[in-house]
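Peer 1: Turn these sequences into a full structure, and let the hints steer you where they fit.
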Amino acid sequence: MVSTTLPVRKPRYLRRTAKTGLWSWVVTVDHKRIGMLYGATAFLFFLVGGIEAELIRLQLARPNGHVVSADAYNTLFTMHGLTMIFLVVMPMGVALMNYIVPLQIGARDVAFPRLNAFSYWVFLFGGLFLYSSFLLGGAPNGGWFGYAPLSTGDFLPGDGMTFYSLGLQMLGIASLAGAVNFIVTIINMRAPGMTFMRMPLFTWMSLVTSFLLLFAMPVIAVALFEMMFDRVFGADFFNVAAGGDPLLWQHLFWLFGHPEVYIMILPAMGIVSDVIPTFSGKPLFGYPAIVFAGIAIGFMGWGVWAHHMFAAGLGPVANSAFTLSTMMIAVPTGVKIFNWLGTMWGGSLRFKTPMLFAIGFVMMFVVGGLSGVTHAVVPSDYEQTDTYYVVAHFHYVLFGGSIFGLFAGLYYWWPKFFGHMLNETIGKLHFWVMLIGFNLTFAPMHILGLQGMPRRIYTYPGNMGWNIPNFVETIGALIIAASILVFIANVVLSRRREARAELDPWDARTLEWLTPNPPPEHNFDEIPLVRHRDELWHRKYAPTPEGVPTRIIAGGERTAADAPAHEAHGIHLPSGSYMPVMAAIGLPVTAYGLLFFPPLIGLGLLIILTGFFGWVLEPQTVEEGY
Amino acid sequence: MSAHVPAVPEAHEHHTSTGLSNNKIAIWAFLGSECLFFGSLISTYILYHNQTNGGPTAAETYNIPFTAIVSFVLVLSSMTAALGLLALQKGDHKAFRAWIAATALLGMIFIGGQAFEFTHLYEEGFTIQTSPLASSFFVLTGFHGGHVTVGILMLLGLLAMSLLGRLPQEDAHRAELVILYWGFVDIVWVIIFTVVYLIPTLGRG
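Chains X and G, in that order, are what the protein sequence lines are.
Residues in the first sequence are numbered from 0 upward in steps of one, following numbering that gives the first Met the number 0.
Residues in the second sequence are numbered from 0 upward in steps of one, following numbering that gives the first Met the number 0.
Treat the hints with caution; some may be incorrect.
[Unchecked claim] Ranges of calculated distance between the beta carbons of each label pair, as one might list FRET restraints: (1) Leu602(X) to Gly111(G): 23 to 31 Å; (2) Ser319(X) to His14(G): 46 to 54 Å; (3) Pro156(X) to Leu155(G): 39 to 47 Å; (4) Gly111(G) to Ser319(X): 22 to 30 Å.
I should point out that these hints are in silico values taken from the structure, not numbers from a laboratory.
Just so you know, even glycine gets a beta-carbon here, dropped at the ideal spot from N, CA and C.
Peer 2: Dropping the structure here:
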């Protein structure tokens, strides 16, 4: 039905146009399907990273534990960190960005649909490559931060850290491609009237995150290349005996690593900034302030990296400067928190599951943020560095922050993805079990850290006074695992039992809820004309003469979603393509070549090149067929 | 070209929020990212410019007249690339192909010069394993050479598309993307030539 007028010529490029079946997912360039692929993959990695965490906690439950060996423990905490950061929190944010951002700005797709597919496949292959190290002679074991020179071949022989350098390189390529795509999409694909200061906060924070990725990824790429050249080709970047600087890696890594922290938290902040107004029945309090706070975090995030290195001995001037910048970056973060509180203040609050997770985010993030400010003070940081206090801090911002925020987003947008709600009762159970488990696991770590328990030790003697908190933490970790099982049960049961979601089940405020659940492939039959911030709300409510907002009865401009989705006449969407997945598969082939069998490097590069040339030359749509 | 205009955002001129094409914003964003990439590599080189590990120093190693000539060749290729783009925008396909072929050729001369230089240095015992200085030199200039090589492949792709009749005048913006990239890579070389080659040898007399 899409195109009947053009003569069908003999296709020169292998194309697949079926809309269902396994292959349709492999060749898909639809941002919604790619978002689902990202989300499903990230969730599977979440389970793997969670199992690693449980093993760590079981090992530390009692003093002198021997659930795993010291070597296995090193691998576990390294892979747990890498997995949760690069294979869970980042891609889960990207999953939501992929699905929601084009809908929020009133676009039919992202700017570069095939580049989007390429990002996903590179991410998947990068993750699988990293995990294939378990079967191929040892997984990374030098910590997610991989400090060189400690991670060079002299100190960590074997292929583990080579897998690390090559695997992260691939994940970086995926992130970079995604960042370019989302920057262009958000800047250039907005519906008419969707000015920057009308954009929903999730879209805003996705834009800031994309810029951070754009500039942070090349820095870690250089560090990883230098590590790779040291390990594979015997270069001297981190060879201290030859004059290599032991701080070079730390500087490059944290110049990437601190923006990375904001890359992980900003999407969650965006989600929370969309969820809280919806369930408070009020517009976001201080919208411009919260937008500019996000941008300010994006800029200031580049000037704080050395607070990760206070103990490295940079000298009092550098340490003082980074103390100041670190304390200052708490200001825009505080602005956001007060704005969320201001949004809830006096609102008609509805404590649905997404709202509970959003409030959980705000509370847990405040705890993590405050412990973070204590690290900014150098003398205090000297006490805390490399102890469990730091572990407590970053889990409060990454788990209590990012993961709670992402779950808020998942519960909020689930009806958008699948057309049915997640069960409220089970959802609330999930929230409370997770909140309790989370605090049982990570709150005692503050105390353990201040008592001096170091990070990354695989066991500890029984006479240190650490036994009870550690045991409590392990119980907490098991409770978290139980809460994830509750979530999975919710997904399965809701799929069977929950009725179809209404069009706008949460009485939301932003454009994504103008489309049917789930949206048709082309998203909007008519591209909406945007006249207001919170456009959807203004289409539903109008002020009475007394200034009280009242629901517009059966009317107004809200037509697109009310009408049944019909066949998209005259809307040509890009056809599926094999080229992105083909170009992506060349990367792991090249990487295995660098590790094991040099001729594979040539083969991999050839595959990448073929994929890209095919990509450029093949027409966008099958109908176009040259 | 068929007469119908599909509403596909990627390849065709289409209404955008800023009026700029998606491709152009994308290439500028990518080049912004590349600044940080080369910035980090150049920073590493500056950090290690005296770390010779008992091997040759920077001043002893480089052959400035030779590198100056290949640098001139690369800078010249920016001009031929720009002239090629101008020709395509005017619809002069023959001139476009000639200029683009010349650009690719100049790029190949540069890569040939780099291959010669690397071989020469290896024979003199200045290898990637010699010292942090040598490692950062080879990785920085090597990655730049890799970028030039990718640029040559893209130029040859443009040439092939033009010869197949797939690059009409109204698609000149597609050629512009490649030429923006090419110009960026050339500018990076100007910085590398100054920082890596010229400054360490200034006082040599």
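Peer 1: Hints first: check each against the structure and report whether it holds.
Peer 2: Evaluated hints:
The hinted range of 23 to 31 Å is satisfied by leucine 602(X) and glycine 111(G), whose Cβ atoms lie roughly 25 Å apart. Between serine 319(X) and histidine 14(G), the C-beta spacing of about 52 Å keeps the proposed range 46 to 54 Å intact. In this structure, proline 156(X) and leucine 155(G) meet the distance hint of 39 to 47 Å, their C-beta atoms being roughly 42 Å apart. A C-beta distance of roughly 51 Å is found between glycine 111(G) and serine 319(X), which places it outside the suggested range of 22 to 30 Å.
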